[in-house]
Amino acid sequence: MFLLRQVLFAGSLLGSLALIGCAGDGDGIQSQKMAAIKARGSLICGVDGKIPGFSFVSSDGSYSGLDVDICKATAAAVLSDPAKVTYRDLSSTERFAALSSGEVDLLSRNTTMTLSRDAAGGNALAFAPTTFFDGQAVMVPASSGIQSLKQVAGKPICVETGTSTELNLADRMRELSAAYTPLKFQSGDQTFAAYLQGRCVAVTSDRSQLAAKRTGFPNPAEHLLLPDMLSKEPLNPATINADPAWADAVRWVVYSLIQAEELGVTAANIDAKVADAKANKNLAQLRRFFGVDGDLGKQLGLPADFVVRSVKAVGNYGEVFERNVGTGSPLKLERGFNQQWRQGGLMYSPPFL
Amino acid sequence: MASTAPLVVQASLLRRLQKELFGSRVDGLLSIALLAALLAAGLGFFRWALFQAQWAVLGANSTLFAVGRYPVEQQWRLWLLIGLLALATGLSWGLLRAFPGSGGVRALWPRNDHWAAAILAVLALWLPMALHLTPAIKVRWWGIFALLLLARWAAGRYGKAIPQTYRRLFPLLWPLLYLVGMVLISGGLGLVQVPPSEWGGLLLTVLMATFAILLCFPLGVLLALGRRSELPLLRWGSVIYIEFIRGAPLITLLFLGQNILGFLLPGGFSPDRVWRAAWVLTFFAAAYVAEAVRSGLVAVPAGQLEAARSLGLPMPLALVHVVLPQALRVALPATVGQFISLLQDTTLLSLVGLLDLLGTARTVMANPMFLGKNAEVYLVLAILFWSCCVALGLGSRGLETRLNPHSPSAQKA
Chain A
1 MFLLRQVLFA
11 GSLLGSLALI
21 GCAGDGDGIQ
31 SQKMAAIKAR
41 GSLICGVDGK
51 IPGFSFVSSD
61 GSYSGLDVDI
71 CKATAAAVLS
81 DPAKVTYRDL
91 SSTERFAALS
101 SGEVDLLSRN
111 TTMTLSRDAA
121 GGNALAFAPT
131 TFFDGQAVMV
141 PASSGIQSLK
151 QVAGKPICVE
161 TGTSTELNLA
171 DRMRELSAAY
181 TPLKFQSGDQ
191 TFAAYLQGRC
201 VAVTSDRSQL
211 AAKRTGFPNP
221 AEHLLLPDML
231 SKEPLNPATI
241 NADPAWADAV
251 RWVVYSLIQA
261 EELGVTAANI
271 DAKVADAKAN
281 KNLAQLRRFF
291 GVDGDLGKQL
301 GLPADFVVRS
311 VKAVGNYGEV
321 FERNVGTGSP
331 LKLERGFNQQ
341 WRQGGLMYSP
351 PFL
Chain B
1001 MASTAPLVVQ
1011 ASLLRRLQKE
1021 LFGSRVDGLL
1031 SIALLAALLA
1041 AGLGFFRWAL
1051 FQAQWAVLGA
1061 NSTLFAVGRY
1071 PVEQQWRLWL
1081 LIGLLALATG
1091 LSWGLLRAFP
1101 GSGGVRALWP
1111 RNDHWAAAIL
1121 AVLALWLPMA
1131 LHLTPAIKVR
1141 WWGIFALLLL
1151 ARWAAGRYGK
1161 AIPQTYRRLF
1171 PLLWPLLYLV
1181 GMVLISGGLG
1191 LVQVPPSEWG
1201 GLLLTVLMAT
1211 FAILLCFPLG
1221 VLLALGRRSE
1231 LPLLRWGSVI
1241 YIEFIRGAPL
1251 ITLLFLGQNI
1261 LGFLLPGGFS
1271 PDRVWRAAWV
1281 LTFFAAAYVA
1291 EAVRSGLVAV
1301 PAGQLEAARS
1311 LGLPMPLALV
1321 HVVLPQALRV
1331 ALPATVGQFI
1341 SLLQDTTLLS
1351 LVGLLDLLGT
1361 ARTVMANPMF
1371 LGKNAEVYLV
1381 LAILFWSCCV
1391 ALGLGSRGLE
1401 TRLNPHSPSA
1411 QKA
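In the order they appear, the protein sequences are chains A and B. Going by this note's numbering, the first residue of the first sequence is number 1, and it counts up by one from there. Going by this note's numbering, the first residue of the second sequence is number 1001, and it counts up by one from there.
These are computed hints drawn from the structure, not numbers from a lab. The beta carbon of each residue, even a glycine, is placed where N, CA and C say it ideally should be. Check before you lean on any hint, since a few could be wrong.
[To be verified] One-sided and incomplete, this derived list gives chain B residues near chain A with beta-carbon spacing under 10 Å:
{"no.": "1", "residue": "Asn1061"}
{"no.": "2", "residue": "Ser1062"}
{"no.": "3", "residue": "Gly1200"}
{"no.": "4", "residue": "Phe1255"}
{"no.": "5", "residue": "Asn1259"}
{"no.": "6", "residue": "Leu1354"}
{"no.": "7", "residue": "Met1365"}
{"no.": "8", "residue": "Asn1367"}
{"no.": "9", "residue": "Phe1370"}
{"no.": "10", "residue": "Leu1371"}
{"no.": "11", "residue": "Asn1374"}
Whole structure, please, built from the sequences with the hints as guidance.
As structure tokens, then:
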């Protein structure tokens, strides 16, 4: 019995020694991706490159958009320089192959999170928090006086055929037990052309898509997006399942932008806020958030002040949204679901503890 | 004959038009209807182009369309390259036109050249103004155009002073310039490296097309010879290669090159994806060129090779000096057709995420500042591609005339 206790004691001692040893080397974070990114000195970010407001090359040759800002924030956190990003334009067919073959470190390309894309038996992706809650919506001319989807009943609706859009519309109209006449077209361009010619009173597509198309209309102000949502399209950045430490880092970089908005931290006032937090020991939450106290950054394998670097690079989530797709941009999208949770939206960051 | 021909043509033109368009009542009605439709379409187009279209999207993004995301501080290298190209073009133009290979008109400026120079002058003066380019860039374009004309004039005026032996070496300038251009574009030899991921627009399209065209031709000739070879390994190897490539759509092969190579090769060892795409284009075009060349080989009578062999020429020499010159002459039109479709195939690169001319256009149209300007952008793209293809076609027709043993100029020689 005594012997057994001795052995157990020695065993547990050895075990804890081993744990200490583990924690000692490499700061406890084992991420091949992050090591590779640091060695390379640049983050390879997969974007679409052709989605208005989300990713495109502006006239001076630099990438811009909401998806692009996520790349920049991540690069700022990992490499402390938002410019150290190599962008890789990906089509929707090759995006997952490019991610799993390791050609890109991070996929920030309007990707809807679904079960099969997340599951290890599916695409085996690791999704960061949603950066844009998109969903299928319906657009009508303002002059039609239509306020909700129910009022479209009995009228023709333009829709692109062979897409999930068409099925979602049919499902929702059946739920509302409203008869309607679908006018089906082969391509998005034809669909919108028919709508503009007045062949249907409404056109349906993803909300961001409708907003983007509307900016090209002769009189954008004369077209309204109905509040109804026909489908859920949460768009999330993604990494691979195989590197959970890297996925964690990306996840909390995105959360840090959302949390910064909640705390009223912007790109403009962050220096003052950090100075405040350093001077005032009572601002415990801000001190942890900025990495003045605690080791939140270290636990992720990121610099202690990764939040400061990210927010300085692109601003908080609200600023990113407004700049790229919000009411101040040509896309003129309302915040909607993308509002902070306190304002009734879905943007909600878990605590930085 | 040569001096009276234009007059006869002009006089008979009206009569011929009258006969062909208004020969009978039905013909007349058809012609009027067609002309009215054409006129309406033309008017509609001009009304759109002059009053509705907003061409600012082109001027604002002209750098993007031309060179993509090439770093601004390194763009002087591209200007230097354009200058060198203008110089070489001017010299070649002067030497070719003022000294036709075999007799012909020995005028410093033949009539066609007046037209060409005038059209170039209008383009060079008007385009930079129309695109509202910055003064520095305008001046550069005008300087480059002046250089082109100056080189043309100098080569025509003083080309005679160059001994024939040196003048024969002159075409070697072009491959040399191609190598210099590659160094200028990509860097090395003391220049800052510019990774291929930052090349784009017209630069990338032209580079991809010329790279693939230059390399697929020798590869295609070898494959064609391999397919006609009597060695089973060579023959079957060529047959399998050609049939495999011709059996798969180009876009499949491009996807294969872009995404599967990453799985097959250890990380960091696979070439940059721009080069991967370039090699896929090359290997793809080589299979088609091989079939075009094989059609030429089949057209050469078997007696030609047998005669050459019986004269004691070894097989390689017999092929190079007797069979291939005849075969390639027959295969030329089909091969050039292949080159033209290769140039158009480069637009598929935008589907694998490369910013070629079409890819750049699509990303520009996604810029919220220029949303809905699709018609303007696509129209200019169409004109650019059409110009490139027509240039290739004209060049090949000129080459055909020069190589054709039955053409008048060749008979004089």
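So, going through the hints one by one against the coordinates:
1. Asn1061: At about 5 Å, which falls below the 10 Å cut-off, the nearest Cβ of chain A leaves the hint on Asn1061(B) intact, so it holds.
2. Ser1062: With a minimum Cβ separation of about 9 Å from chain A (threshold 10 Å), the hint on Ser1062(B) holds.
3. Gly1200: Hint holds; Gly1200(B) Cβ to chain A Cβ min 8 Å, cut 10 Å.
4. Phe1255: holds, 6 Å
5. Asn1259: holds, 4 Å
6. Leu1354: Holds - the Cβ of Leu1354(B) comes within 10 Å of chain A, reaching about 7 Å at its closest.
7. Met1365: For Met1365(B), the interface hint holds, since the closest Cβ of chain A sits about 8 Å away, which is under 10 Å.
8. Asn1367: With a closest approach of 5 Å, the Asn1367(B) hint holds.
9. Phe1370: holds, 8 Å
10. Leu1371: The hint holds - Leu1371(B) has a Cβ within 10 Å of chain A, the shortest such distance being about 4 Å.
11. Asn1374: Asn1374(B) check passes; min Cβ-Cβ to chain A is 8 Å, inside 10 Å.
Violated hints are absent here; each numbered hint is respected by the structure.
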